[in-house]
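Engineer: Chains as they are written, first to last, in my numbering: chain A, 1 to 46; chain B, 1 to 260.
For the record, the hints were derived by calculation from the structure and aren't laboratory data. Keep in mind that a hint or two might mislead.
Unchecked claim - Short, incomplete list of chain B residues facing chain A, as computed with Cβ under 8 Å:
no.	residue
1	64
2	118
3	184
4	235
All residues carry an ideal CB built from backbone N, CA and C; glycine is no exception.
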Amino acid sequence: MTHLPFIVASYGLTIVVVGWLAVDCFLRTRRARARLAAIDPRENRK
Amino acid sequence: MSSVNTAPATAAPESAAGRNLHRFANPGRFLRLSGKVLPYVAIIGIALAGLGLVWGLTLSPADWQQGDAVRIMYVHVPAAWLASSGYAMLAAASVASLVWRHPLADLAAVEIGPVGAAFTALCLATGSLWGKPMWGAWWVWDARMTSVLVLFFLYCGHIALVRAFDDPQRGYRAGAILALVGLVNLPIIKYSVNWWNTLHQPASITLTGAPSMAPAMLWPLLLCAMGGMFGFAAIVTARTRAAVMERRIRALTLAQVRDA
């Protein structure tokens, strides 16, 4: 299987890019939610 | 006699389509609805893409000409479809922004840009990784590859343009116009392999004809593509949710500064 490095690189790159997008939006949402809870009186009432 | 339009920029439009769209412009309603749907969309996306990738990598047969390198197709083709359909989504959000002044459409367009650019870059990179063992070259300036590179530049231009103005509304308008002008590139990408003599192969799957691919390869490809679609939708929705919250944080911070 001489093409293995190309296949591994393709799948690895896909996992890294999609994983980075997912982690980035998860962390961004968590930061925004925490900040909003700290300053928004409506959030604090929930 | 001159008349002055005193309506605010985000006034609810008069058309039925505009009214229906504006029902979902309420940020609180969007956050509630998307919060309920998002986990299911994400789980379906992960399950379908995971199943498709494992099937494509281990169970589907090797190609008689390309050997195992054909397995790159299961990541390259969905990335290419998502790059193009992501741009169509960007154009649709731009229409909603320009015609109905839909505030969530502005945020969605801003958030689609980086995700679409990432999938276009992924398409170009995996295509390059497929091209090297098959064609003997990482890159050739053929019509399909060049038009996809133009798509990547359009995404990058949109990302830069919407952030280039002090007034965000002007950035949204300029970005929407760029997105609509760039829409002309989508049919060029689609038909480039028919219009020009390209090194890139023609489409194996069309909407009108039977696929020229064995079912053992077609099913994992479709699973990967469906998983990618759900994943793309989940990421864009999650980013738009974060953008809605960040906009509220900015508004509250400004209000606090004004009151102080």
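Engineer: Determine for every hint whether it applies to the structure shown.
Structural biologist: Structure-based check of all given hints:
| no. | hint | result |
| --- | --- | --- |
| 1 | 64 | violated (14 Å) |
| 2 | 118 | holds (6 Å) |
| 3 | 184 | violated (27 Å) |
| 4 | 235 | holds (5 Å) |
Violation of the numbered hints given earlier is confined to hints 1, 3; the remaining hints are satisfied by the structure.
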